[in-house]
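Protein sequences, first through last, are from chains A and L. Everything in the first sequence is counted per my numbering, starting at 1 for the first residue and increasing by one. Everything in the second sequence is counted per my numbering, starting at 1 for the first residue and increasing by one.
Careful: at least some of the hints might be erroneous.
[As the list claims (entries may be wrong)] Pair ranges (Cβ atoms, derived): (1) L/Lys290 x A/Trp275: 37 to 47 Å; (2) L/Ser266 x A/Asp200: 53 to 63 Å; (3) A/Arg104 x L/Lys251: 45 to 55 Å; (4) L/Lys265 x A/Trp308: 55 to 65 Å; (5) L/Ala45 x A/Val288: 22 to 32 Å; (6) A/Ala241 x L/Ser266: 26 to 36 Å; (7) L/Arg99 x A/Arg313: 25 to 35 Å; (8) L/Arg139 x A/Trp275: 50 to 60 Å; (9) L/Glu371 x A/Arg104: 51 to 61 Å; (10) L/Thr383 x A/Val75: 56 to 66 Å.
Just so you know, these hints were derived from the structure itself, not from any lab. Note that the Cβ used here is the ideal one computed from N, Cα and C, for glycine as well.
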Amino acid sequence: MSPRILPFIMVLAAMAMVPLVSTSPFYVNLTSQVAIAAIGALGLNVLVGHAGLNSLGFAVFPGLTAYLVAWLSTVGGFDPVPAALLAIGGTLAASMLFALVALRTTGLGFVMITMALCQIVWGAAYRWTSVTGGDNGLSGVPRPGGAVLPLERPEWFLWLCLCVLALALLQLGRFFDSPLGVALRGTRDQPRRMSAVGYDVWRIRFVAWMLAAGWGAAAGLLYAWYHQFVSPHMMAVTASAEVLLMVVAGGAGTLAGPLIGAALVVLLKNLASIWIDRWMMLLGVTFVVIVLLMPDGIVPGLGRLTAWLRRFRPAPAPALVPRERTDG
Amino acid sequence: MPRMTTRAAACSWLAATALSALAAWPVAAQQPPIKVGFMTVRSGALAAGGKQMEQGMEYCLAERGGMMGGRKVELITVDTAGQPATTKTRAQELVERERVNAIIGPLAAFEALAIDDYIRQVGVPVISPSAAAEDLTQRKVNPWFVRAVGTSAQANHALGEYAAKDLKLKRVATIGDDFAFGHEATAGFQRAFEDNGGQVVQKLWPPLNVADYGSYISQIRTDVDAVYAAFAGGNGLRFLQQYAEYGAPVKVIAQMTTVDEGILKSMGKEAVGVISSGWYTATQDVPGNKEFAAGIRAKYGADPGYYTAGAYEACAFLDAAVKAIDGKVEDKQALMKALRAVKLEKGPFGEVTLDEYGNPIMTVTIRKTEEKDGRLQNVVIKTYPKVTQFWTYDPKAFLADPVYSRDYPPAKNLGK
Numbered sequence: 001m002s003p004r005i006l007p008f009i010m011v012l013a014a015m016a017m018v019p020l021v022s023t024s025p026f027y028v029n030l031t032s033q034v035a036i037a038a039i040g041a042l043g044l045n046v047l048v049g050h051a052g053l054n055s056l057g058f059a060v061f062p063g064l065t066a067y068l069v070a071w072l073s074t075v076g077g078f079d080p081v082p083a084a085l086l087a088i089g090g091t092l093a094a095s096m097l098f099a100l101v102a103l104r105t106t107g108l109g110f111v112m113i114t115m116a117l118c119q120i121v122w123g124a125a126y127r128w129t130s131v132t133g134g135d136n137g138l139s140g141v142p143r144p145g146g147a148v149l150p151l152e153r154p155e156w157f158l159w160l161c162l163c164v165l166a167l168a169l170l171q172l173g174r175f176f177d178s179p180l181g182v183a184l185r186g187t188r189d190q191p192r193r194m195s196a197v198g199y200d201v202w203r204i205r206f207v208a209w210m211l212a213a214g215w216g217a218a219a220g221l222l223y224a225w226y227h228q229f230v231s232p233h234m235m236a237v238t239a240s241a242e243v244l245l246m247v248v249a250g251g252a253g254t255l256a257g258p259l260i261g262a263a264l265v266v267l268l269k270n271l272a273s274i275w276i277d278r279w280m281m282l283l284g285v286t287f288v289v290i291v292l293l294m295p296d297g298i299v300p301g302l303g304r305l306t307a308w309l310r311r312f313r314p315a316p317a318p319a320l321v322p323r324e325r326t327d328g
Numbered sequence: 001m002p003r004m005t006t007r008a009a010a011c012s013w014l015a016a017t018a019l020s021a022l023a024a025w026p027v028a029a030q031q032p033p034i035k036v037g038f039m040t041v042r043s044g045a046l047a048a049g050g051k052q053m054e055q056g057m058e059y060c061l062a063e064r065g066g067m068m069g070g071r072k073v074e075l076i077t078v079d080t081a082g083q084p085a086t087t088k089t090r091a092q093e094l095v096e097r098e099r100v101n102a103i104i105g106p107l108a109a110f111e112a113l114a115i116d117d118y119i120r121q122v123g124v125p126v127i128s129p130s131a132a133a134e135d136l137t138q139r140k141v142n143p144w145f146v147r148a149v150g151t152s153a154q155a156n157h158a159l160g161e162y163a164a165k166d167l168k169l170k171r172v173a174t175i176g177d178d179f180a181f182g183h184e185a186t187a188g189f190q191r192a193f194e195d196n197g198g199q200v201v202q203k204l205w206p207p208l209n210v211a212d213y214g215s216y217i218s219q220i221r222t223d224v225d226a227v228y229a230a231f232a233g234g235n236g237l238r239f240l241q242q243y244a245e246y247g248a249p250v251k252v253i254a255q256m257t258t259v260d261e262g263i264l265k266s267m268g269k270e271a272v273g274v275i276s277s278g279w280y281t282a283t284q285d286v287p288g289n290k291e292f293a294a295g296i297r298a299k300y301g302a303d304p305g306y307y308t309a310g311a312y313e314a315c316a317f318l319d320a321a322v323k324a325i326d327g328k329v330e331d332k333q334a335l336m337k338a339l340r341a342v343k344l345e346k347g348p349f350g351e352v353t354l355d356e357y358g359n360p361i362m363t364v365t366i367r368k369t370e371e372k373d374g375r376l377q378n379v380v381i382k383t384y385p386k387v388t389q390f391w392t393y394d395p396k397a398f399l400a401d402p403v404y405s406r407d408y409p410p411a412k413n414l415g416k
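Using the sequences provided together with the hints, build the complete structure.
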C-alpha cells in the first residue's frame with residue numbers, strides 16, 4: 001500500500017506548501033479551487049469510473065449543499081458548523097430520494113435522468129426568488145473558524161480543503177480495494193451475471209450513488225465557504241459537464257485521474273487565461289488532444305506511454321560475475 | 001546693460017526650466033502606472049455587450065492619451081465568461097496577483113453580486129459599468145462600490161409615469177426576461193404606472209434563453225392599451241421581430257435595453273414607434289454626448305449603446321476621482337472618497353452626480369424609435385432631469401420595502 005500512496009502524499013504536501021512559496025494569495029486560492037474541484041471529481045468518479053453510470057447532473061449534490069448551507073447560515077441564522085452538518089444531512093436525504101428515481105435506469109437513460117434532476121433543483125434555485133435570491137444568488141456566506149482555526153485566511157482554508165481531499169482519497173482508495181468496490185466494478189461490467197450470482201445490483205449502485213453524493217456535498221460545502229456566494233450557475237448543465245470532463249480527462253476509474261483532471265481544468269481556466277486571451281479555445285483544443293491521444297484519460301494514457309517507452313530502454317547489461325579461477 | 005540682462009534672463013530661464021524639468025522628471029519616471037482591472041465578457045451569451053464595453057473603455061483611455069491625473073494607466077483586461085465563480089477568481093487575480101488600484105466591471109448583476117463580499121474584505125474600489133441590480137446601491141450598500149449606470153428600475157419609474165400621464169394609457173400587459181434585471185425593471189414601471197392611475201393587468205415572464213416567443217406572444221391580451229417589454233441582450237431583437245410576425249396588435253413601450261443601440265442596428269421596421277426610457281441613447285442632447293457618440297461612430301462604425309456608454313462613464317468616473325486626488329491612487333480610502341464625490345459636467349450621460357449610496361443621479365429620457373438618416377435611432381421626446389434611483393419616493397420608505405422582484409410590488413390588477 002505504501003508505495004501507492006506515496007505519490008499522493010507528495011502531491012498533497014506540495015499543494016500544502018504553496019502558501020509558503022507563493023508571494024500572493026492568488027495562487028493559494030487557486031490551489032484551494034483545485035482541491036475543491038478534485039473532491040467533487042473524486043465523487044463523480046465513483047459513478048462514472050466504478051459503477052459505469054455516466055451522470056450529467058452531478059452538480060446537484062454540491063449545489064444542494066451549497067444552497068442549504070448558504071441559506072441556513074445567512075437567512076436561517078445558524079452558526080456555520082451546524083449549518084454545514086444540516087446541509088450535508090439534507091443533501092444526503094434528498095440524494096436518497098433522487099436515487100429511487102435515477103437508479104431505475106442505466107446508460108443514456110441515467111444520463112438524462114440525472115440531468116433532469118439537476119435541472120429541477122436548478123430551476124427551483126432560479127425561480128424561487130424569495131428564498132434563493134433567484135439568479136442574484138445568496139451572498140455573505142460566513143466561513144467557520146476563529147482564533148484557533150482562522151479559516152478566513154487563504155492558507156488555512158487551503159489546508160482545510162487539503163485535509164478533506166486527503167480524507168476523500170483515503171476513503172475512496174480503501175473503498176475501491178474493498179470487496180464492495182470490486183463488486184461495484186462487477187455490476188459495471190456484468191450486471192446480469194452479478195445479479196445471477198446473487199449480488200443485489202441496485203443496492204451496490206445505491207452505495208456508489210450515496211458515496212458520490214457525500215463527496216459532492218463535501219465539495220459543495222467547501223465551494224460555498226470558499227466563494228462565500230452561491231448562484232444557480234453552479235448547477236447549470238455546463239457545471240455538471242465540467243466535473244465530468246475532469247473525470248474523463250484525468251482517467252475515469254483511477255484514483256489519481258480526477259485529481260489530475262481537476263487540476264488541469266481549474267488551472268487552464270484560471271491560470272492560462274492570464275496570458276492567453278482565447279483561453280476557451282485553449283481549453284477545447286486541450287481536450288481534443290487528450291481525446292485523440294489518450295482516449296481513456298491522462299493517467300491510463302501516461303501509464304501506457306511509460307510502458308511503451310520501456311520497450312525502447314536497452315536491456316540491462318549482464319552483471320559481472322567473477323569467474324571462478326580454474327587454474328588454481 | 002541690456003544685453004547682459006537678456007543673457008541673464010535667458011540663463012535664468014534656462015536654468016529654471018532645467019531645474020524644474022529635473023525636479024519633475026524623476027517624479028514622473030518613478031511613479032508607476034495606475035493599474036486598473038477591467039472585467040469584461042468575451043465568451044458566452046453576454047459577449048456582445050462585453051465587446052461594446054471594451055470599445056467604450058478603449059475610447060475613453062485613448063481620449064485621455066492613456067493617462068489619468070498625470071500618471072500612465074495600465075489596463076489589465078480579464079474575461080469572466082459570464083460565470084459568477086470565474087468572476088470571483090478573476091477578481092482575486094486582479095487584486096492579489098496584479099495588485100490593481102481599482103476595478104471597472106463586471107458586466108452582469110450576478111457577477112457583481114458574486115464579488116460583493118470579496119471587495120468588501122479586500123477593500124478595492126470597484127466601479128460598475130453596467131451591473132444594475134437594485135440592492136447593490138440600496139439595501140446592501142458596499143462602501144467600496146459605486147455605479148456608473150442607473151439601477152434596473154431607475155429609468156422605468158419615469159416610463160411608468162409617462163405612460164400614465166402623457167400617453168394616457170390605462171391598462172398595460174408586461175412581458176420581460178425571467179431574471180432579476182427583467183423583474184426589477186418591470187417592478188419599477190408597474191409601481192410608478194399604478195401610482196399614477198394605470199393598471200398592470202398581465203405579467204408574462206419568458207425564460208432568458210427561450211427559443212421562441214410565440215407561445216408567450218399568443219398569451220398577450222389584446223384588450224390592453226400597450227404591452228411593456230423588458231428584455232436584455234439580444235432578446236429584445238427576437239421578441240420585437242416575432243411580435244411583428246404576429247401582427248403586433250397593441251403598441252409596445254419598452255425598457256431601455258430592449259431597443260438599445262447595440263441591437264437596434266440589426267432591427268427593421270418592427271422597432272419603429274417603440275417608446276422607451278433610459279439614461280442613455282446615442283441621440284440624447286446632454287452636454288458631451290454629441291462628441292462622444294460621433295467619436296464612437298467614427299472609430300467603430302456603430303452607434304454607442306448601453307454597454308459602450310456605461311464603460312466610458314465608469315472610466316470617466318475613475319479619471320475624475322484620480323484627478324481630484326492628484327493621482328495618489330495608493331491611498332485607497334482617498335480614492336474611494338473621491339469616487340463617491342464624483343461630479344461630471346459632461347459625458348454620454350451629461351451632468352452626473354452620485355447619491356449617498358453611490359448611485360448616479362442623472363437625466364432620464366423618453367425616446368421613440370424612428371428611422372432617421374438611413375438608420376434606426378431613438379429620438380428623445382421628453383427629458384426628466386436629475387432622476388434618482390428612488391424616483392419621487394422617500395428613500396427611507398423605499399428602502400424599508402422589500403427589493404423589487406417578480407412578486408414585489410404585488411400586482412393587484414392582474415386579470416382585470
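Hint check:
no.	hint	in the structure
1	L/Lys290 x A/Trp275: 37 to 47 Å	40 Å, holds
2	L/Ser266 x A/Asp200: 53 to 63 Å	59 Å, holds
3	A/Arg104 x L/Lys251: 45 to 55 Å	52 Å, holds
4	L/Lys265 x A/Trp308: 55 to 65 Å	57 Å, holds
5	L/Ala45 x A/Val288: 22 to 32 Å	23 Å, holds
6	A/Ala241 x L/Ser266: 26 to 36 Å	31 Å, holds
7	L/Arg99 x A/Arg313: 25 to 35 Å	49 Å, violated
8	L/Arg139 x A/Trp275: 50 to 60 Å	40 Å, violated
9	L/Glu371 x A/Arg104: 51 to 61 Å	59 Å, holds
10	L/Thr383 x A/Val75: 56 to 66 Å	42 Å, violated
Checked against the numbered hints given earlier, this structure breaks hints 7, 8 and 10; the rest are met.
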